[in-house]
Amino acid sequence: MKKWKYLTMTAALGTSLMLGACGSDTETDEATNGSEATETAESGDAQLTGTVSGDGSSTVAPITEGLVEEYAGTQPDVQVSVGVSGTGGGFEKFIAGETDFSNASRPIKEEEAAELEKAGIDYTEFQVAFDGLTVVVNPENDWAADLTVDQLKKLWIEDGSAKKWSDIDPSWPAEEIVFYSPGTDSGTYDYFDEVILEGADLVKAATLSEDDNVLVQGVAGDKNAIGFFGYAYYLENKDKLTAVTVDGVAPTNETIESGEYSPLSRPLFVYAKNTALQDNEAFYDFMKYTLENAGDMAEAVGYVKLPEEKYEEGLQALEGLK
Amino acid sequence: MWGPNHLVGSSRIFSRILKGVCTMASHGLGKEQSIQQLIAKSRNKKGKKIIEKVMPIILVITALISVLTTIGIVFTLIFETFEFFQRVSITDYLFGKEWLPFSGSEPLYGVLPLILGTLKVSVIAACVAVPLGIAAAIYLSEYATDKTRRTIKPILEVLAGVPTIVYGFFALTFVTPILQELMPSLKIFNALSPGIVVGIMILPMIASLSEDAMSSVPNSIREGALALGATKLEVSLKVVLPAALSGIIASVVLAVSRAIGETMIVSLAGGATPTFDFNVTGSIQTMTAYIVQVSSGDAGYGTTIYYSIYAVGFTLFIFTLIMNLLAQYISKRFREEY
Amino acid sequence: MKYMNDTVVMKRMKSRLTYNKIWKTIFLLATLLALLTLVVLLVRIVSQGTGYLNMDFFNNFGSRFPEKAGIKAALIGSVYLMLIIAPVSMILGVGTAVYLEEYAKKNKFTSFIKMNISNLAGVPSIVFGLLGLTIFVRMLMLGKSLLAAGFTMSLLILPVIIVASQEAIRAVPKEQREASYGMGATKWQTITRVVLPAAIPGILTGSILALSRAVGETAPLVVLGIPVILQFLPDGLLSQFTALPMQIYDWAKRPQEEFQFVASAGIIVLMIFLVIMNSIAIFIRNKFQKRY
Chain A
5 MKKWKYLTMT
15 AALGTSLMLG
25 ACGSDTETDE
35 ATNGSEATET
45 AESGDAQLTG
55 TVSGDGSSTV
65 APITEGLVEE
75 YAGTQPDVQV
85 SVGVSGTGGG
95 FEKFIAGETD
105 FSNASRPIKE
115 EEAAELEKAG
125 IDYTEFQVAF
135 DGLTVVVNPE
145 NDWAADLTVD
155 QLKKLWIEDG
165 SAKKWSDIDP
175 SWPAEEIVFY
185 SPGTDSGTYD
195 YFDEVILEGA
205 DLVKAATLSE
215 DDNVLVQGVA
225 GDKNAIGFFG
235 YAYYLENKDK
245 LTAVTVDGVA
255 PTNETIESGE
265 YSPLSRPLFV
275 YAKNTALQDN
285 EAFYDFMKYT
295 LENAGDMAEA
305 VGYVKLPEEK
315 YEEGLQALEG
325 LK
Chain Y
-7 MWGPNHLVGS
3 SRIFSRILKG
13 VCTMASHGLG
23 KEQSIQQLIA
33 KSRNKKGKKI
43 IEKVMPIILV
53 ITALISVLTT
63 IGIVFTLIFE
73 TFEFFQRVSI
83 TDYLFGKEWL
93 PFSGSEPLYG
103 VLPLILGTLK
113 VSVIAACVAV
123 PLGIAAAIYL
133 SEYATDKTRR
143 TIKPILEVLA
153 GVPTIVYGFF
163 ALTFVTPILQ
173 ELMPSLKIFN
183 ALSPGIVVGI
193 MILPMIASLS
203 EDAMSSVPNS
213 IREGALALGA
223 TKLEVSLKVV
233 LPAALSGIIA
243 SVVLAVSRAI
253 GETMIVSLAG
263 GATPTFDFNV
273 TGSIQTMTAY
283 IVQVSSGDAG
293 YGTTIYYSIY
303 AVGFTLFIFT
313 LIMNLLAQYI
323 SKRFREEY
Chain R
1136 MKYMNDTVVM
1146 KRMKSRLTYN
1156 KIWKTIFLLA
1166 TLLALLTLVV
1176 LLVRIVSQGT
1186 GYLNMDFFNN
1196 FGSRFPEKAG
1206 IKAALIGSVY
1216 LMLIIAPVSM
1226 ILGVGTAVYL
1236 EEYAKKNKFT
1246 SFIKMNISNL
1256 AGVPSIVFGL
1266 LGLTIFVRML
1276 MLGKSLLAAG
1286 FTMSLLILPV
1296 IIVASQEAIR
1306 AVPKEQREAS
1316 YGMGATKWQT
1326 ITRVVLPAAI
1336 PGILTGSILA
1346 LSRAVGETAP
1356 LVVLGIPVIL
1366 QFLPDGLLSQ
1376 FTALPMQIYD
1386 WAKRPQEEFQ
1396 FVASAGIIVL
1406 MIFLVIMNSI
1416 AIFIRNKFQK
1426 RY
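Residue numbers (this note's numbering), protein chains in the order written: chain A, 5 to 326; chain Y, -7 to 330; chain R, 1136 to 1427.
Among the hints, a few may not be true.
If you only want the chain Y side, here are some residues facing chain A, beta carbon under 10 Å, derived [unchecked claim]:
hint : residue
1    : F74
2    : Q78
3    : I82
4    : F94
5    : L164
6    : Q285
Calculated from the structure, these hints are not laboratory results. If you're wondering where the values come from, they're calculated on a predicted model, not measured in any experiment. Ideal Cβ positions, reconstructed from N, Cα and C, are used throughout, including at glycine.
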């Protein structure tokens, strides 16, 4: 029995030592790779070190992740870490001074701005991409493929009745509508609320879900279903869903970027702490990298890039802060 | 060649050498001593005395950590809860039948729907886990061979380690469709599916801990009953079970507490519609799911919705407290000690 | 004189024996049902995830490309996290249990502590996250580091360890303790040399259940602000890190279907990690298990 005790202890010790060694080994490997890379990189690319910390919306996160991934290739000694506590959670930490930047899928609220002022934190708002809120119906739904904004309002606002398609347009089937919506606390819902519901209550019968994949499944599985979520989720499931054209405009990269697909195009933001930009060289570099590459990265993960001028504006604002 | 045996071997040799040195030393000091003298000597050693005095104090401190944790939790929750009740009256909160915090026009903060949601899931989970868990525990402790027990018990414990998100997706994508085949009226989000899955998740807790409790009932009692002509079933149900009851109840309380506090499974498979009814076939929302929804969402910092997280958290805290008091009362009435 | 009527006994005996057999089968079925669920779960996960399990998966960091996405940062993070949680929670847990069972007098204060512990078992993990955020991350200025997360999770799983250890210690027969005192041992010696070794199986069961939970919990980590996007390995106790359950949850939420498979691969890694951890503890438990 003693034998096994020793075995276990040795095993435990050994594993932890090994892992510790593994950990540091890989880091030294990356460091050497990094310095090797610099020697072959273009001149003017100084190797920076430092830490950058951010948090916020899980909608913006995929863009940030791609950026961090690529950035680590160019600046391996900068440790960037980004959390996904949600837009509100991100702001809470931003206000507490714990993060350098905050991802947001909606503009900052007044109360949050007030808190930031109280905490003495100056910040700059940068737009990084567009998301097109896509309203989807089941592929077998051939009657509601185009909706006006008014019809959307009629559909989604709670008015006390159980809705049938024929209530909106008498030529449509007299079947009960099945609604699917993102959770009422998400940025997606917030934006939908702002431009379609305009503060009124969402239809009570709606099935809410935090997980947009569930919404996809729900709409794809029911002829009478209608739902809405971010453009990326529609792109990935094009074969299972029909995107509704709003006032005749279909959501595509072009229409969302140009603003033609309105009012359901929404901007995605990154809020950066000014003092961090000034004092943390690594962060400044990272923000620069973000603004330079967010457009391509957004397209790569299912969002839509802003017009080039917007990024230029952001870069200029960044320059001005230095 | 240089395996663990070698390590063990060398440590054995080392300790033997040490022992030899010590005995030689004591021999050198004087004649061989009797056991009583050795004990008396050892008792009087300064080191031992200090340890005897100090350990209880150290242990009290560790015990106090749990108290500090509770204080910490109350401290974390209480200020914000206070803030919340500045904005929403307590009577509205406690007796209101509608929970609609996101309504633009008239936000309603009656917590009863959330409590009902939690109850639905927890009761279903308990109905699944308690009978199955205790049954499994009886089998493992009384009927299974040693080998079987040593294989099955760890496997059951793996069930306890499956991450809750996996269970959540399991409930949504596997259990719900199956249930829908059996009950066509079941909606995609309901209380039955997460209830069953939470039950499965807490089952190992009840099974494993109860099995431990039953295993530690002295064999002499079992043998006495068997000698009187009882069948194994009668021994298990009439002798072992009552003897192990305190352990079993403790495991059930722990498990049900965990069910009440479960977050991910209910938020993934239960939906997000707080309702004030006893219907388990439709979408519900539990207190925990609400907290997850708001804290991972985009609620503005400083709004009433933000404070409602803390209020609901505090409610949950009080809820578990009441449940525990109840369980303690029941346990006291039925406990037997050997 | 006959006190027992043999024929009546024989008649009744048969039904009692049949009952015995029936219930034995029922109990066995209950156990098998639980195991069956586990098998179903595992089969589903494995069938979806094995495709993505290759060396790259273990060597890469997270990525926006499903083929490139790897679990290295999350796995190492979780390992380090458990290396903190295991000793902290077990020492605190067993210490508290020893105090409550061996040293504490049966007064209101002790009942209060016990009530406290039971209550803590039911607090949702998210509230522990809030607690950790307020106290460890902010007040003690530990930041969103391994240490802060380790302490938070330890507190989360503490009640299970305490309760299980308590029951285990309580179940050690009095005779054993008396025998030890009779030999002249002090209280502390009795505890360390007689009571604890006998109670180890129960303590380890509680620890296994508790640590298994710690490995798979996401909610408190999210509230603490533990990042999901990370391209480096932790290099110290105060370093930032990410953990397996968070990575898995993040992948599962992505719209791309391949990420669902990547998530399944991550779950397989998590389960294997769990099984290894449990096996070590079970090994030790089996060696100490005795029936008196």
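Structure-based check of all given hints:
1. F74: violated (18 Å)
2. Q78: Violated, because the Cβ-Cβ distance from Q78(Y) to chain A comes to roughly 15 Å (cut-off 10 Å).
3. I82: With a closest approach of 24 Å, the I82(Y) hint is violated.
4. F94: holds (4 Å)
5. L164: At about 7 Å, which falls below the 10 Å cut-off, the nearest Cβ of chain A leaves the hint on L164(Y) intact, so it holds.
6. Q285: Since the shortest Cβ distance to chain A is 6 Å, the answer is holds.
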